[in-house]
Each structure stands twice: as structure tokens, then as C-alpha cells.
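So the chains spell out like this:
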Amino acid sequence: MKKSAIVMAAALGLAAFGATFGWHSLAGAQQKISLADMSADATQWVMPAGDYANLRHSALTDITVDNAKGLKIAWQMSTNATRGHEGQPLVVGDTMYFESAFPNHVFAVGLDDYKIKWEFTPTEDQFATSVACCDLVNRGVAYGDGMIIANALDGKIYALNAATGKIAWKANNADPELGQTVTSAPFVVAEKNRVIVGVSGGEYGVRGYVSAFNLQTGARVWRAYSMGPDSDTLMGPGFSGPHNAGISTWKGEQWKVGGGTTWGWYSYDPKLDLFYYGSGNPGTWDPSARPGDNKWSMTVFARHPGNGQAAWAFQMTPHDQWDYDGVNEMILADIKIHDQPVPALVHFDRNGFAFEIDRRNGKLMLAQKYDPSVNWASSYDVASGRPVADASMATREGKNTKGICPASIGAKDQQPASFDPQTGYFIVPTNHWCEDYQPFASKYKAGFPYVGATVKMYRGPGDYGGALIAWDPNTGKIVWSDHEHFPAWGGVATTDGGVAFYGTMDGYFKAVNTKTGALLFSQKMPSGIIANPIVFSHAGKEYVATMSGVGGWAGIGLAAGLTNPTAGLGAVGAAADLGKYTTLGGDLTVFSL
Amino acid sequence: MHVLRFAGWALCLGTALTSLTGSRPSAAASAQPLVFCADPAYMPYSDRSGDGFENRIAVVVGHALGRPVQFYWRSMRAKDEYGEFLVSTIQAKKCDVLVDVPYALQQVRTTRPYFISSYVFVYKKGRGLGVTSLDSPQLRQLKIGYEGETPVQMGLKQRTLIVGSKLFLTADDESASPQDMVVALESNKIDIGLTWDPAVGYFLKSHPDLVAAAIPNTRSQGYPEQFTFPMAMATRLGDKALNDDLNRVIATHSDELHAVLRNYNISFSFPASDSGS
Numbered sequence: 001m002k003k004s005a006i007v008m009a010a011a012l013g014l015a016a017f018g019a020t021f022g023w024h025s026l027a028g029a030q031q032k033i034s035l036a037d038m039s040a041d042a043t044q045w046v047m048p049a050g051d052y053a054n055l056r057h058s059a060l061t062d063i064t065v066d067n068a069k070g071l072k073i074a075w076q077m078s079t080n081a082t083r084g085h086e087g088q089p090l091v092v093g094d095t096m097y098f099e100s101a102f103p104n105h106v107f108a109v110g111l112d113d114y115k116i117k118w119e120f121t122p123t124e125d126q127f128a129t130s131v132a133c134c135d136l137v138n139r140g141v142a143y144g145d146g147m148i149i150a151n152a153l154d155g156k157i158y159a160l161n162a163a164t165g166k167i168a169w170k171a172n173n174a175d176p177e178l179g180q181t182v183t184s185a186p187f188v189v190a191e192k193n194r195v196i197v198g199v200s201g202g203e204y205g206v207r208g209y210v211s212a213f214n215l216q217t218g219a220r221v222w223r224a225y226s227m228g229p230d231s232d233t234l235m236g237p238g239f240s241g242p243h244n245a246g247i248s249t250w251k252g253e254q255w256k257v258g259g260g261t262t263w264g265w266y267s268y269d270p271k272l273d274l275f276y277y278g279s280g281n282p283g284t285w286d287p288s289a290r291p292g293d294n295k296w297s298m299t300v301f302a303r304h305p306g307n308g309q310a311a312w313a314f315q316m317t318p319h320d321q322w323d324y325d326g327v328n329e330m331i332l333a334d335i336k337i338h339d340q341p342v343p344a345l346v347h348f349d350r351n352g353f354a355f356e357i358d359r360r361n362g363k364l365m366l367a368q369k370y371d372p373s374v375n376w377a378s379s380y381d382v383a384s385g386r387p388v389a390d391a392s393m394a395t396r397e398g399k400n401t402k403g404i405c406p407a408s409i410g411a412k413d414q415q416p417a418s419f420d421p422q423t424g425y426f427i428v429p430t431n432h433w434c435e436d437y438q439p440f441a442s443k444y445k446a447g448f449p450y451v452g453a454t455v456k457m458y459r460g461p462g463d464y465g466g467a468l469i470a471w472d473p474n475t476g477k478i479v480w481s482d483h484e485h486f487p488a489w490g491g492v493a494t495t496d497g498g499v500a501f502y503g504t505m506d507g508y509f510k511a512v513n514t515k516t517g518a519l520l521f522s523q524k525m526p527s528g529i530i531a532n533p534i535v536f537s538h539a540g541k542e543y544v545a546t547m548s549g550v551g552g553w554a555g556i557g558l559a560a561g562l563t564n565p566t567a568g569l570g571a572v573g574a575a576a577d578l579g580k581y582t583t584l585g586g587d588l589t590v591f592s593l
Numbered sequence: 001m002h003v004l005r006f007a008g009w010a011l012c013l014g015t016a017l018t019s020l021t022g023s024r025p026s027a028a029a030s031a032q033p034l035v036f037c038a039d040p041a042y043m044p045y046s047d048r049s050g051d052g053f054e055n056r057i058a059v060v061v062g063h064a065l066g067r068p069v070q071f072y073w074r075s076m077r078a079k080d081e082y083g084e085f086l087v088s089t090i091q092a093k094k095c096d097v098l099v100d101v102p103y104a105l106q107q108v109r110t111t112r113p114y115f116i117s118s119y120v121f122v123y124k125k126g127r128g129l130g131v132t133s134l135d136s137p138q139l140r141q142l143k144i145g146y147e148g149e150t151p152v153q154m155g156l157k158q159r160t161l162i163v164g165s166k167l168f169l170t171a172d173d174e175s176a177s178p179q180d181m182v183v184a185l186e187s188n189k190i191d192i193g194l195t196w197d198p199a200v201g202y203f204l205k206s207h208p209d210l211v212a213a214a215i216p217n218t219r220s221q222g223y224p225e226q227f228t229f230p231m232a233m234a235t236r237l238g239d240k241a242l243n244d245d246l247n248r249v250i251a252t253h254s255d256e257l258h259a260v261l262r263n264y265n266i267s268f269s270f271p272a273s274d275s276g277s
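Heads up: the protein sequence lines correspond to chains X and R, in order. The opening residue of the first sequence carries number 1 in the numbering used here; numbering runs sequentially from there. The opening residue of the second sequence carries number 1 in the numbering used here; numbering runs sequentially from there.
Any given hint might turn out to be false.
Stated by the list, open to error - Derived Cβ-Cβ restraints for the label pairs, each shown as a range: (1) X:T475 / R:K143: 55 to 61 Å; (2) R:Q141 / X:H243: 30 to 36 Å; (3) X:S384 / R:S133: 55 to 61 Å; (4) R:T218 / X:N400: 23 to 29 Å; (5) X:K477 / R:S133: 53 to 59 Å; (6) R:T218 / X:T583: 43 to 49 Å; (7) R:K93 / X:Y114: 49 to 55 Å; (8) R:G164 / X:G238: 29 to 35 Å; (9) R:K93 / X:K166: 53 to 59 Å.
As the list claims (entries may be wrong) - From chain X, some residues computed to sit far from chain R (all C-beta separations above 10 Å): (10) D62; (11) D66; (12) D145; (13) G238; (14) Q254; (15) N307; (16) K363; (17) T454; (18) G462; (19) N474.
Derived by calculation from the structure, the hints in this document are not laboratory data. Where is the CB? At the ideal position from N, CA and C, for every residue including glycine.
The following block holds chain R by itself, in its conformation from the complex:
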């Protein structure tokens, strides 16, 4: 059972709200639960079993604040639009916290960023592809797969590399997984895949023959292209007190937060300690 991984914590399955309670300081038992907005089936981000990295980040945050952790489950992809997820979860006050959104996302109040990650090239080790940026000439000889409606799509388009490239739309389709690109690489349907590191890192753990290399930000086309994004937690726009609490957790528990990310094979760098505060 997945539940056992939580070492004595009970998961109430089958309801929209799932509580994670258990061995906590006695004060926490009487504290107000903290409700996180989460997807019930979108690994590696989140899963009803609690196996997603967002679920584990939530546990760290709840523990740090001494508040029981609950999840409000709703698919991020159910209606093909993350904005709709926000409207029907945090903005509808079904839940109060998001733990993995781009810093400065407008519809919510983001915290200071707690990790910076990047879009990556994924390919088979030892093939000597030598691809280091979107401007690497080798890309013209390779069968490319890419995640649609992302900066890598725009970058490929600008360089006319997108013609004939295979489109993946993980974020639009509940039946799709970031693992699909890994499968396409292993079956040689594509030579190189371009995707978001936190989406694919977890699946690469069991594929030691594949490597991921960050796509560098560039101005090679004359205008800025951003492939690296600071990621943050978030509350409703008006929820400043809770946002302050989250910022304190980020300041004081960064080691625990980053341990979770490492455990999911996410490559990241640390934001400057004063950023966003």
C-alpha cells in the first residue's frame, strides 16, 4: 500500500479532501488544517496516493507550520486549462495553497521562489549528440520531440526546427504522461526530447541510459528567450498572512524542501536568499 510509505499517517481515499495527520506535536492536532490544491493523478507532480513531489512538499510545509495537511483533489488538466484549475480550486476557496507555480503567476499571490529549474534536452547517453543549445547545428539532423505551448516550442519555431518535429501535449491530456517522451526516446521514435526538467526527472531515474541537459536562456535571436523559471508556492491574492507564513517556511526549511526535489531527481538551483522577500 502506498499509504504505508507515510509511516503511520492515514490517508482517507475516495473523498475530495484527504487528510494527512499523525505523529505531530500535540499543538498541531488542534491547529486549523492547511488545505493544498492538488491533482489526484499527474505524476510526478501529484497523486492521490501522496506520491507526487508536490504532495511531499506539502507535508514539509504543514509540518513546519504545525498544521495538519489536507488535499483538495482536482485534475489540473481536466478541462485543458490550468487557469480553470485555479478558478475551481484556490479561487473557489476549496483549498488555500499551491506549492509549485511559476514565480509571479498573475492570478495568485506567489511566495518567494524556492527553486529554479529549466527546460532540458533529453537524449541517449553516449550518442555524442553534442547539443548544447537550441542553436546547435546538430539539431537539424535529429528527430525532435517537444512539449507544446511552451518556450521550447517557440524556440524551435523561431529556428524553423519545428517542421517535422513530434508534438507532445502532456499538459492538455489527462491520459498523457511526461513519461511518454521517455518511451519515444527509448523506442527511437525521437532522437532528442525537449521538456521541463521537473516533469521528466522522476521518470529518468529508471532510465540511466538517458541524460537531461539544461537548455540555456539566450538572446541569440535578438530578443530574450527564457527556458529557466523560478518556482514558488502561492495563495489567493488577498491571503497575505498565509503567504507570509509560507515565506517563513521557505526561509527556514529550504534544506527539507530541496531534499524532496532531489529525491524526485529534479535538477534545480537555489534562488538568491533575499529574492522576493
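Isolated chain X, as found in the complex:
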């Protein structure tokens, strides 16, 4: 693939990214190929999401709708870890880098001979394993300035020399003894000399934050909290929203344990110099105990990576009652919405609505259900940006609310979608579970009684568990939908060959026609897939790679050996038959024609 053609393809879908090539005047990256430039080279896959915009799209064209049926396994490798593998490899030059689930082995494998160039396993605080909410997952490594950046579950961040695996620096972003862990991938904004890392652990009273570290030294530069005074949330004069709402929308000092953790994906617009991410659920599960909108939980944030200052924030689910974390990926694409061109941020939220936002200013342009079963709200008032909620689906003390759709795992969780510039479709892996939610049931925790919520999840209407869908952002409608027995918990990659790749929890790696959803290729894998495919080329040949290794929230039953329907935050029941389809175990598989 010639580079000029790649640039054309990228520019076609993303006019704003023409600015990508003006980096060299910016500080910190002189005389180097910028990370943005590297990401435009389709032979490599240098960021977790492929590029800053989180398109997860490759301009490679050798694998096509016509020949995908001839895909074969090129090589495979065990990751030597058994818990959920939610990440993806990187390809930088002639080397593939990837990280396993806990205990977080990091591998560098040469693409010429498949030899392990180096391997790194951090020494971790084992207490972290008991604090992690939803399996001991990891979402991959990042690359920047000759280093591989790897997050460990216990909150340590390691910068490893990409050539040798030696530790260049080590930093810390969480303390398991305080209930904090890190499962997300680091996000490197190399042109601004920053490594951005979020935090997990909303169950334990963590007040969510995102931290930025100096890419060269590992020194922490700033930390922005999800709630609290403007000085903590970094909402200065340049912030377009209401000031100190991170306090005023809470009762008393509850914002101090406000949740809003930041364990999802991050994207960046170099032209606007804004990075985007979402925050999770508010810190106390009982909604009656925390009146107010609970800002800025469940929020899309736009911040400047240099100093962390917020430009705008948009709260999707005010006063959450269903655990609809807002952390899913923010895809930056220049699209038409109602036939008007918009530099958009498109986000498929756990709450079942697709949000299409003007990423310059946070203005909501369109919000539509991307699963027709969604019933906690009927619609959004686009002008005010607020949901039109159904009061009968509210959860409250003493009431068993039945048939809430989506279930707490969301119409989609963190499994990332892809934008295909050729069709203009977003290809979205979705969940299709509903739930009954009863707060204040008597529970027991091996010697410790408490009164807590009981959640029962089950497959939604039509008796399917998930679907891969194509979404037309112009109309806000589903174009096609391929049903799956289990939630589609693996991410998607699309290519200019017209092919979309994804994996399923029951252990199939699939290629479909991006335009129609027609199945082109399917391979049963060693374990179920909750990871994200990548596309690259080496020595002139196009490859598709994915990890398998089932687990994660929807697969926690299998991962933890559970069979009880109320275990694992209620996710086990609906996936109780997963064990008939697959077993645990992490591996990397690479396909080619």
C-alpha cells in the first residue's frame, strides 16, 4: 500500500486529520516522525485504536469481500494467562507488542521469525485481584517515542524500551488498598509529550480521575477529577459548561466519593488539541441516597492534553439508576448528520443511545436508540441534551423493577466500534440483555451480611444476546444487524477491502461484508473472543490479528468458575451456557490469505 493512497483514504473520511501532518512545529516531537504520521501508515497499528480518532479502520485492501473466505491462520501464540483478554496487539515496525490479562505479561514478538524479542511481567500487588470488579482484564499497551507503555492491574504504569523491554520509567496511578485498579490501555499523545491513564474501581468509593504523565520521564503533570470544585475538575475559564456543577449537583460532600471512573478508551483531535473520554457511574449504587444530576458522572469530556483543562462536558445519563457507565469509546469522524456536515464525536453509550456530538463545542446533534429494545428512556430532547425517561423503569427501594433494557452491562460495553469511511457506517458490536433489578435484598458475603441490590440479567426480546450492527450516522438508523447468541463483546476493525472483522464470546473469529453484514469467513478459536482485531501488513502481505481468551464482565462466570445466576453483578445467569461453547485461555492468532 502506498502511503499517498493511505493519506487520501484517511483524508476522505476525516478532513480534520489533514492537519495531522503539521506536527513538527509543536513541542516535544522535533525531527521525529509524529505518532499521528505513524498511525497513517497502514502497514503498522501503533495505537490501541489504530489512530487518534479511534476509527479502528485500515486502508489496506488486499483482503476483500471476494477473497476473505480464503483466510488462513498464519501463526499463533499463547499469552500464558487465562483471564479475559480485552485488548489488542500493536504493530510497530517489524515487531508486534501485546499484553495479556492479569498477571499482565507483555510480549515483543518479531514478525520475521516469530521469536520473542523480550518479555516483561510486572511484580504486582496481589490485593488488586480481589478489588477488580469484572474479571482481571487488560486492554492493551500503547507506543510512544521508542517506548511501550503498559498498565498493570495494580495501577503501576511501566514505560519499557521498545527494543529491549528494559524499564525506562515507572509511575503509579492507583492504590488497590483504596479500591483502585487500572484495566484500560494507556493513551499516548506523543506530540504533547503526554501519557494519559484512567482509573477503575467505582465500587469502592473512588472519585474518578484521569492523570497525565510526562512521556519522557513518567512524572505526573496533572490530574483531573470527574467531580468536585473547578480546581479539581480542571474546568477553568475556557470551560463552556456550568462552573462547580461537580459540587452543586450533589448532596453535601457526596461528590468526594462520586465515582465517575475513567476505565474506557481515549481519542484525540490534533487540530482542536482536545482529547475525549467518558466517565462511569456515580459512586453510590442506591440512587435515592444521592439526589441530583451527579455531574460529572456519565459524561463525555473534552480536555486539552497539555494541561488537562476541560473545554466542554456533556452528561448523558443524569442521576444514573442503572449503572450505565459512560466510558465507551469516542469516535471522531467527519460525517453528515441530517445531511449537514459535522466534525463529530460519535459514541454508542451503555445506556443504549448513540450520541452524535459536534466535537468542537459538545453540542448534541442526534441521539437515537441503537437497540430497539431500549426502554429506560423513550428519546432525548436534543436541544436540552436530556433524556425523556420512563418513570416505570426507575429503580428504587422496595420495588423489583422488571424488564429494564438494556441491562447494566449496557447495549454496548467498552468493546469498541469501527468507522468505515467507504460506506460511512459505524460497525458496532452490541449487547442485547435486559434485567430485573431489586434493591434492598438480604445478601451474604461469606460471613458478612448486608442489604444490597439483586440483579437478574437475561437475553432480550427475540432471545438473542448481542448483535453486530451497521449504523448510519446521517439518519440515526440501523442498516443491518447480525444476531449473536452471546453479547458481541469483541471490538471491530474495518478495512478499505470492504471487510469488517470481529470475534464472538462463543469463540468464532468472523469477517463480514461491511456494506451488507453478510458472513464471509468464520474460524473457531481456542477460546472465546472479547478482544479487538487489528490489521497490518508485513513484507507486503496483509494480516489480521486478534487475541482470544474469554472473560470480562459477561464472561465472568466462566472466568471465575461461577454458576450462580446472581453472582458477578448479575451477569452470570444470561451467560450460564458459555461453558458449553468455550474454555478459558489467552492466545494471539494472526490470519492472512
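Following the hints, complete the assembly by docking chain R onto the known chain X.
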């Protein structure tokens, strides 16, 4: 040997099922054994040696019903989830009785409660901490330790006291013990510990410098917060006859049951005599 504490009763170690048989009325020898679900290594609740208070409660129940006592051993914490313990023990019919569950636990049929206990503050005597509830202002100056995923965690969270507090997860980790919090108090890693009285009372026996004080139920935050729980025995949902038997034992042998609890330094109150019947 631990076995000798049972004064002539034989314990068969090394098998999933352990029988406690011996000096009983002759009718008991021919009676159907009563199988209790129990953890082989989770003091003070239960231990393969028979040293846990749940094991001793089981002996009282077996004796009262004239049935030999057997235990089906399985870790309550093996897979990080008590529900899984229920599925693989009582619901799988490996055993028939639980002796220490919260009243109204949904997955099983609970008996009437036979004791009420509470979450407690544990701290060093004579330090004059003056903490009487979660709303005591002194708590803001203290290094707090707490058991996770419990009502005290929720209470601390609501009062923003949880930031910087040390999390203990005894119920998730087979290598952890309720004693860990006692050790943290004695080594001044924490100033005050919040945990379940029946979990910690047994260990406090050998630490007379530590005191435990009940955390009162409250509506101070505007909604009910419950730190006191009635505890019961339980059978499978459909096992009404056995459940009736257990209720009769609770009605007629409460002195013996409560003597066991006192022996394990558990603070408790008595349920009203007609509750749950």
C-alpha cells in the same frame, strides 16, 4: 489434637464428609445423619477440626434432633462468591443445613432468627476515641479500616469517609482472616476497624486492649442504613419439614445455642420469641 476437644467423638479427617458420632441416645445411632454445609478453614465460622462456632451450633442441632452430625466441607470463599457456595453445596444436595445465614436470604429457606448481631467499631481501649456512630466527627481524624462490600462500606462512602481508608476483603480471599484487621489495629496501621462482630469477636478474646462497639442503625442520611442483622439457619427452599425441625430446635434449645455464641465472644441480642414462626 483438636479431636479430643469433642470428648470421645471421632472426626474423620481428609474426606469431604466428616461424621461426628459418639455418646448419643441409642436411637440416634440408627437415625439418618444430618449433613451441615461448612467451610473447612474459615475461623471463627468453621474449621475441619470442628473448632468454628458454626460447627458447634451444628452439634447442638444434631443432638437436639437425635441425629448424627456430618459436615460437607467446601470453602465459602473458593470462588469469591457465597452464592457459588450455596449452588455447589446445599442446592446440589451435598448437604442439607446452614446454621449461620442472614434471615430472609433469598436463595434458601431460612428459619426464624436465633440471634441478632451487628457491625462494630473496633479500637484500642483508653484512647478515648468517643466514636458512637458513623456520624461521629472524630472519625474524620482517624485512619479507618473496613470490610469491603458491606453496609459499613456503603455508610463510609455516603459520609465521604472512605477516601484514604484501608479496605479489607476477608470474604473474597481464602488466605485472609478477620484477624487481619486486629493485627492492623495492634500495629497502628489503622486507628479504628469496622467489621462484623461475629467475625472478629473470637479474635478479640486474646486482645483485651481492644474493644468492640456496635454501629447503630440510622436514618441520619435520610434513608435507612442497617448495620444489625438477624441471623438464622436455613434449608433448601423446598425442605419445609427439616426447616420445621430446625425451628423447633431454636424454640427449645436457645440456651444451648446462645451458650455457643457467648463462648466465641459474639455480642448478640435475642430475637422476639414469636419472630418468624
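Against the structure, the hints come out as follows:
Between T475 (chain X) and K143 (chain R), the C-beta spacing of about 57 Å keeps the proposed range 55 to 61 Å intact. Under the hint 30 to 36 Å, the C-beta atoms of Q141 (chain R) and H243 (chain X), about 31 Å apart, fit the expected range. With their beta carbons about 41 Å apart, S384 (chain X) and S133 (chain R) fall outside the hinted range of 55 to 61 Å. About 25 Å separates the C-beta atoms of T218 (chain R) and N400 (chain X), a value consistent with the hinted range of 23 to 29 Å.
Separated by about 55 Å at the C-beta atoms, K477 (chain X) and S133 (chain R) satisfy the suggested range of 53 to 59 Å. With their beta carbons about 48 Å apart, T218 (chain R) and T583 (chain X) fall inside the hinted range of 43 to 49 Å. The beta-carbon spacing between K93 (chain R) and Y114 (chain X), approximately 51 Å, falls within the hinted interval of 49 to 55 Å. For the hinted restraint 29 to 35 Å between G164 (chain R) and G238 (chain X), the CB-CB distance of approximately 31 Å keeps it satisfied.
Checked against the hint of 53 to 59 Å, the C-beta distance between K93 (chain R) and K166 (chain X) comes to roughly 57 Å, which is consistent with it. With a closest Cβ-Cβ approach of about 46 Å to chain R, D62 (chain X) is found to remain outside the 10 Å limit, as its non-interface label requires. For D66 (chain X), the non-interface assignment is confirmed: its Cβ lies about 48 Å from the closest Cβ of chain R, beyond the 10 Å cut-off. Its beta-carbon lying about 35 Å from the closest one in chain R, D145 (chain X) satisfies the requirement of being farther than 10 Å from that chain.
At roughly 28 Å, the least C-beta separation between G238 (chain X) and chain R is larger than 10 Å, which holds for a residue marked as non-interface. Distance check on Q254 (chain X): its Cβ comes as close as 7 Å (rounded) to a Cβ of chain R, failing to clear the 10 Å threshold; non-interface status is violated. Non-interface call for N307 (chain X) relative to chain R: holds, since the shortest CB-CB distance, roughly 25 Å, exceeds 10 Å. With a least CB separation of 34 Å from chain R, K363 (chain X) remains clear of the 10 Å interface cut-off, as annotated.
A beta-carbon of chain R comes within 10 Å of the beta-carbon of T454 (chain X); the shortest separation is about 7 Å. The non-interface label for G462 (chain X) is consistent with chain R: the shortest C-beta to C-beta separation is roughly 28 Å, beyond 10 Å. No beta-carbon of chain R comes within 10 Å of the beta-carbon of N474 (chain X); the shortest separation is about 44 Å.
Of the numbered hints stated above, those contradicted by the structure are hints 3, 14, 17, listed in ascending order.
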